[in-house]
Amino acid sequence: MTDNQVQISFTINGDAVTVDVHPMARLLDVVRQQLRLTGTKEGCGEGECGACSVLIDGELVNSCLTPVIQVEGASVTTIEGVATGEQLDAVQEAFIAHGGAQCGICTPGMVLAAVSLRDRNPHPSDDAIRTALAGNLCRCTGYMKIFEAVRRSIAGSMAQ
Amino acid sequence: MRAFLPDYRLRQAATLDEAVGLLADQPGTWRPLAGGTDVMVQLAAGALAHRQYVSLWGIRELRRIDVDADIVTLGALTTFSDILRHDVLRSEFPLLGRAAADTGGIANQNRGTIGGNIANASPAADTPPALLVYDAQLELTSVRGRRAVSYERFHTGYKQMDLASGELITAVRLPRRRGWHQHYRKVGARRAQAISKVCLAAAALVESGRIADIRLALGSVAPTVVRAFGAEAILRGAAVGPEALERAGAALASELTPIDDVRSTAAYRRQVAVNMLGEFLEALPR
Numbered sequence: 000m001t002d003n004q005v006q007i008s009f010t011i012n013g014d015a016v017t018v019d020v021h022p023m024a025r026l027l028d029v030v031r032q033q034l035r036l037t038g039t040k041e042g043c044g045e046g047e048c049g050a051c052s053v054l055i056d057g058e059l060v061n062s063c064l065t066p067v068i069q070v071e072g073a074s075v076t077t078i079e080g081v082a083t084g085e086q087l088d089a090v091q092e093a094f095i096a097h098g099g100a101q102c103g104i105c106t107p108g109m110v111l112a113a114v115s116l117r118d119r120n121p122h123p124s125d126d127a128i129r130t131a132l133a134g135n136l137c138r139c140t141g142y143m144k145i146f147e148a149v150r151r152s153i154a155g156s157m158a159q
Numbered sequence: 000m001r002a003f004l005p006d007y008r009l010r011q012a013a014t015l016d017e018a019v020g021l022l023a024d025q026p027g028t029w030r031p032l033a034g035g036t037d038v039m040v041q042l043a044a045g046a047l048a049h050r051q052y053v054s055l056w057g058i059r060e061l062r063r064i065d066v067d068a069d070i071v072t073l074g075a076l077t078t079f080s081d082i083l084r085h086d087v088l089r090s091e092f093p094l095l096g097r098a099a100a101d102t103g104g105i106a107n108q109n110r111g112t113i114g115g116n117i118a119n120a121s122p123a124a125d126t127p128p129a130l131l132v133y134d135a136q137l138e139l140t141s142v143r144g145r146r147a148v149s150y151e152r153f154h155t156g157y158k159q160m161d162l163a164s165g166e167l168i169t170a171v172r173l174p175r176r177r178g179w180h181q182h183y184r185k186v187g188a189r190r191a192q193a194i195s196k197v198c199l200a201a202a203a204l205v206e207s208g209r210i211a212d213i214r215l216a217l218g219s220v221a222p223t224v225v226r227a228f229g230a231e232a233i234l235r236g237a238a239v240g241p242e243a244l245e246r247a248g249a250a251l252a253s254e255l256t257p258i259d260d261v262r263s264t265a266a267y268r269r270q271v272a273v274n275m276l277g278e279f280l281e282a283l284p285r
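If you're matching them up, the sequences are chains X and C in order. If you count the first sequence from 1, position 158 lands on 157 in numbering that gives the first Met the number 0, and the numbers rise without skipping. If you count the second sequence from 1, position 209 lands on 208 in numbering that gives the first Met the number 0, and the numbers rise without skipping.
Please keep in mind that the hints were generated in silico from the structure rather than gathered at the bench. Since we're looking at a predicted model, the values are computed, not measured. Be a bit skeptical, because a hint or two may be false.
[Stated by the list, open to error] Pulled from the structure, derived: some chain X residues nowhere near chain C, Cβ distances all over 10 Å:
(1) T17
(2) Q32
(3) L34
(4) V81
(5) G103
[Stated by the list, open to error] Now the in silico label distances, taken between C-beta atoms and shown as ranges:
(6) C:Q159 to X:A96: 52 to 60 Å
(7) C:G277 to X:D125: 25 to 33 Å
(8) C:R189 to X:T10: 56 to 64 Å
(9) C:Y157 to X:Q86: 51 to 59 Å
(10) X:A89 to C:R209: 51 to 59 Å
(11) C:E206 to X:T10: 38 to 46 Å
(12) X:E92 to C:D69: 48 to 56 Å
(13) C:D161 to X:Q86: 50 to 58 Å
Ideal Cβ placement from N, Cα and C applies to all residues, glycine included.
Assemble the whole structure, with the sequences as input and the hints as a guide.
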């Protein structure tokens, strides 16, 4: 192995994988092009929009800014790993029920940002929800419906 | 145009010793890569001039927060999220937490590091003004050993640092102190994600209506983050009130050297900096 081509082993949505890859390749490109998991989207490519969000060891990260060498031995979750088989996550159900997706490009990142919030804070305030979604841009500007979907699915009983 | 990856080399260092060993190898050849939130942006834009990096991510001894009686030490790989989760930092160094919460969105805070924020040396970075207010010391490590440098003297010009070839920022030390009134304000195009137009971190020790000691530090108003020594000198010993505010505001306006750029204008930055100082001083107890 040289500095230019390495083997990186990690788990993705629970499956162990090993990829031959340049160590500085963006995790985004490895996920989409080598692992063919195209649910993760590329938006701005500079960490502003959150479309490429994934979870690494449970933490929300922009995969466009992650050199793949950082995930050696880590557990990565993409949008494909959020549902359990055919059973959608409650956040995903709420996005459908409340019209949280329009063109859909931001949706995988929004869902992962919401799932990550729920893991850290099962009963977030409205402010905490807004902060958790602040790194994700929706160019359709459907923010209210996205916020409502997250609020209903996570904050649950406190939402009306 | 996007970078051509085979032009680049990236090697993982397993330990700090291995990292500084690589940095010492053919001086200037290897550069450190921490969380990646700045370097990878340049890579994607095809604007990353340097080609050879050593990845520090995962070096455990660099990602820690040690609390001692007089000092809190942050390893250079401490992320903004680590700062926000830490009880002592939250209660005693709130400006650092405020700045960390303003540094991009949560996904960036989970990867961006305090050492990287310093080494990237942006005059618009959010945490450095807080570090100036807290009289931070940096620990620099190389194969020759360690040295401490006052953060106040670290940035020597635009993107220039007191960092020798082969040296790595390994820790940030913050002296603990009690009873200071603290204030943080960042003005950007919007609240979340935006890079600052102007940012102020401030702290003052007030004794019976007089300012016994004060620190004022600003971002985006000079080629580096800066202490406002002129305004501080006027305020130190002064009675809290409108007269001190007026004199200090004038001193602040004259000592800042902001520029017109894509985010704002020099005139706006100077005026808002003075307004921010006023906001801080008006909240101090008389």
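These are the hints, each one checked on the structure:
Against chain C, the non-interface label of T17 (chain X) holds: every CB pair exceeds 10 Å, the least being about 16 Å. Chain C leaves Q32 (chain X) outside its interface by the beta-carbon criterion, the shortest separation being 12 Å against a cut-off of 10 Å. Against chain C, the non-interface label of L34 (chain X) holds: every CB pair exceeds 10 Å, the least being about 17 Å. Every CB of chain C lies more than 10 Å from the CB of V81 (chain X), the least distance being 16 Å, so the non-interface label holds.
Its beta-carbon lying about 19 Å from the closest one in chain C, G103 (chain X) satisfies the requirement of being farther than 10 Å from that chain. Separation of Q159 (chain C) from A96 (chain X) is about 55 Å and conforms to the stated range, judged on CB atoms against 52 to 60 Å. A C-beta distance of roughly 31 Å is found between G277 (chain C) and D125 (chain X), which places it inside the suggested range of 25 to 33 Å. For the hinted restraint 56 to 64 Å between R189 (chain C) and T10 (chain X), the CB-CB distance of approximately 37 Å leaves it violated.
Checked against the hint of 51 to 59 Å, the C-beta distance between Y157 (chain C) and Q86 (chain X) comes to roughly 54 Å, which is consistent with it. Here the CB-CB span from A89 (chain X) to R209 (chain C) is close to 57 Å, well matched to the stated 51 to 59 Å. For the hinted restraint 38 to 46 Å between E206 (chain C) and T10 (chain X), the CB-CB distance of approximately 58 Å leaves it violated. Hint check: E92 (chain X) to D69 (chain C), Cβ distance near 52 Å, so the stated range 48 to 56 Å holds.
Checked against the hint of 50 to 58 Å, the pair D161 (chain C) and Q86 (chain X) passes, with Cβ atoms roughly 57 Å apart.
Of the numbered hints listed earlier, those contradicted by the structure are 8, 11.
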